[in-house]
Amino acid sequence: MIALRRASIGLGGRTVLRDVDFAAGPGELVALCGPNGAGKTTLLRALAGLLADLPRPDPRRVAYLPQGARCAWGLTVREVAALGRIPHRDAAVAPVTSALTACGILPLSEARIDRISGGEARRAMLARAFATEPEVFLLDEPTADLDPAAAHAILRLLRATADAGRTIVVVLHAVEMAIAYAHRVVVVQAGRIAADLPADQALPAAASAFGLRVGVDLSPRLLPPA
Amino acid sequence: MTGRLALLLAALFAASLLIGDGFVGVPDALILWQLRLPRTLLAALVGGGLGLSGAVLQGALRNPLADPGLLGITGTAGLGAVIAFYWGLSQHFPPALPAGGLLGASVGAALLLVFAGRAPSGPSLILAGVAVSAIASALLALALALAPNPFALADITVWLMGGLMDRTLTHVALAAPPILVGMALLLRLGPGLDALSLGEDAAATLGMPVAHTLRLAAAGTALAVGAGAAVAGAIGFVGLVVPHLLRPLLGRRPGALLPGAALGGAALLVVADMLVRLAPFALPISAPVPVGVLTALLGAPFLVVILRKAGPWDP
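Chains W and B, in that order, are what the protein sequence lines are. Residues 1292 to 1517 in our numbering are what the first sequence lists, from first letter to last. Residues 110 to 424 in our numbering are what the second sequence lists, from first letter to last.
The shape of chain W in the complex, shown without the other chains:
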């Protein structure tokens, strides 16, 4: 369970979030959607306790993956994932190995993270969050710059993780992916929560936040693997 009550947050003299109430509970995959600059990342950072005056959650309980997360120094994939054990102050190998397996990156364990593709590096960063074995995952655009198949694979992993009882809050630009995989879609617009709906009912609200129409398009398109 992770929540924010009546939060208003200003950054550099500009109000980024206004009076936001948000909560996500175990077994839920919640997608935050909305236009650029709507406040999705700020909302996620607020949940992670990264903004001044907000409580910082227990790092063993909540894992946060920033937007465009990178790792310096060209550590190996296994070393990067093992950083997820820092909150536990242990060097346990089993959770790291199972995180690497879950994220499909185990075969590249000994490869340097700056010598693999962007998609593989993204999986390694995600494995770092999994290695913490948190109750709550806060993930900012974990599928950005992934190819469509890899994006489907990551979201399927997240959905399965949520279904297994974890709480996952994920910022996603790809609205259709959010609707396909999330339990709930929260539409953020101009610093407010414009809609908070079950995923299968969220399309009209999301479309209006982006200023787009909703329609049926019968042209051929990419579908996830059966």
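For each label pair, taking beta carbons as the anchor points, the in silico distance ranges come out as:
| id | chain 1 | residue 1 | chain 2 | residue 2 | range |
| --- | --- | --- | --- | --- | --- |
| 1 | W | 1451 | B | 318 | 29 to 39 Å |
| 2 | W | 1455 | B | 297 | 31 to 41 Å |
| 3 | B | 293 | W | 1380 | 15 to 25 Å |
So the derived list for chain B, only partly shown, Cβ under 7 Å to chain W, looks like this:
| id | residue |
| --- | --- |
| 4 | 171 |
| 5 | 303 |
| 6 | 307 |
| 7 | 314 |
| 8 | 315 |
| 9 | 316 |
| 10 | 362 |
Here are some chain W residues the structure puts well away from chain B; computed CB gaps all over 12 Å:
| id | residue |
| --- | --- |
| 11 | 1292 |
| 12 | 1385 |
| 13 | 1444 |
| 14 | 1467 |
| 15 | 1509 |
It should be emphasised that the hints constitute simulated quantities derived from the structure, not laboratory data. Just so you know, even glycine gets a beta-carbon here, dropped at the ideal spot from N, CA and C.
Given chain W, put chain B in place with the hints provided.
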């Protein structure tokens, strides 16, 4: 691997006791105690502080080109020593020179921490270091311009180039406590530096107090490097090059480098100082080569070769 580095350092330390200016052999007790031992001890202490601070700062700032000199403490230590020189304090009371350096380093460290603010981040720490460096070099230039006579100017310049000649056990006694305290602070930063390789936000959410880690890195560096500069002048390049030398051997995780970087820095400076003493065998020179000149001359090509071999990387 760290154990082997410790053995290497011990062997070099013993060798350094046997090498004089243009002479190799077992020295008599007076030379051993008054000259070789202080000089070798200082080389190990100063080099260890430089190597360790370099590894910590590169990790803390996620910057492979970070060097302890970046924080400006070397400059303020030099300034303090020059002031002691300038007012003639050191002519009447020789320990005034390193003591002035220590005082300068402390003032520099205090300024650095004030400039970096209550919650420093990497960029604010670098900015604070640039400001302290600028102030130190401006005041140093002023002190040199006002130097009472040309001989003082020459003495100051030689001192600033860095060296370990004619240092006594008094120098060791003055510099060792702050260097060792600084190194003890720095050696404990391993987990924080590991977390920082993911960036400051991710490190904070892993439960690492980022600002506290950066402040300790700055304070530890100020102690270790400031006290070193106070007794040995500005010795460049050791802090920059040692972490790069060790990454292929110890792994690339910042925390894994720390004890090795202290040993490696100590070994490197002991070797450089031995080469300074052996130089008269090989080169037609009469004045000793400042050890800081040697470390930079040897270090720069090494650094280029290592980084070429390592190829491009993030960051």
